[in-house]
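**Q** Just so you know, the sequences run in chain order A and B.
Each residue of the first sequence is one higher than the one before, counting from 1 in the numbering used here.
Each residue of the second sequence is one higher than the one before, counting from 1001 in the numbering used here.
In short, the hints are calculated from the structure, not lab data.
In this text the structure is predicted, and so the values were computed from the model without any measurement.
There's no promise every hint is true.
Simulated pairs of lysine to aspartate or glutamate, EDC-like, Cα-Cα distance not exceeding 16 angstroms [what the hints assert, rightly or not]: (1) B:Lys1042 x A:Glu58; (2) B:Lys1059 x B:Glu1045; (3) A:Lys9 x B:Asp1039; (4) B:Lys1068 x B:Glu1055.
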Amino acid sequence: DTEVTQTPKHLVMGMTNKKSLKCEQHMGHRAMYWYKQKAKKPPELMFVYSYEKLSINESVPSRFSPECPNSSLLNLHLHALQPEDSALYLCASSSGANQETQYFGPGTRLLVL
Amino acid sequence: EDQVTQSPEALRLQEGESSSLNCSYTVSGLRGLFWYRQDPGKGPEFLFTLYSAGEEKEKERLKATLTKKESFLHITAPKPEDSATYLCAVPVSNDYKLSFGAGTTVTVRA
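Use the sequences and the hints to build the structure in full.
**A** Following this line, the structure appears as structure tokens:
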């Protein structure tokens, strides 16, 4: 099974709201990722957790706050977002060794009003 | 700088009309090349991983091949359900980052 699940599927939030995106995998993977994808563009890496520790932060604004409670779960906390943050947010996981295949979830479509 | 280029940007095919997509890369010491399929508004779906020149992998109507400078995704006798954007990606540096191509959007008409 190569399934990564994400909730919610869709999210509409105002610029003063606080919300969270959730991601889960049960493949025993030890690396988990957050990507942002704008229309007609490839995914852009935001964060990487490796063995539950933040490994990469691609200079993402602090209004995005990742959390990895355990090896199966990944959250992205959102606060005071801007309309330009509207995008498809993708979670992915891989075995834990770098350069291994990343498996993506279905994404959360976020609209910031 | 590591770079991945996909061509063409868009491909319109008649059902049954076979064609190929190209992914060229300029990375030092390739450590794998990944192909994904992405439907509008959905996450990329993993198709293939290729590790060495000469390697080939197949799945239904899709076949991926790899040389030292590029990879091809061949679509044989495509059907409308093969319509999607196809992304290729390569690992960069020694961490978890992938460099993605811009993608090829394939439209197959019945």
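**Q** All hints are to be evaluated individually against the structure, with a verdict given for each.
**A** Okay, the hints, checked on the actual structure:
no., hint, in the structure
1, B:Lys1042 x A:Glu58, "23 angstroms, violated"
2, B:Lys1059 x B:Glu1045, "13 angstroms, holds"
3, A:Lys9 x B:Asp1039, "15 angstroms, holds"
4, B:Lys1068 x B:Glu1055, "11 angstroms, holds"
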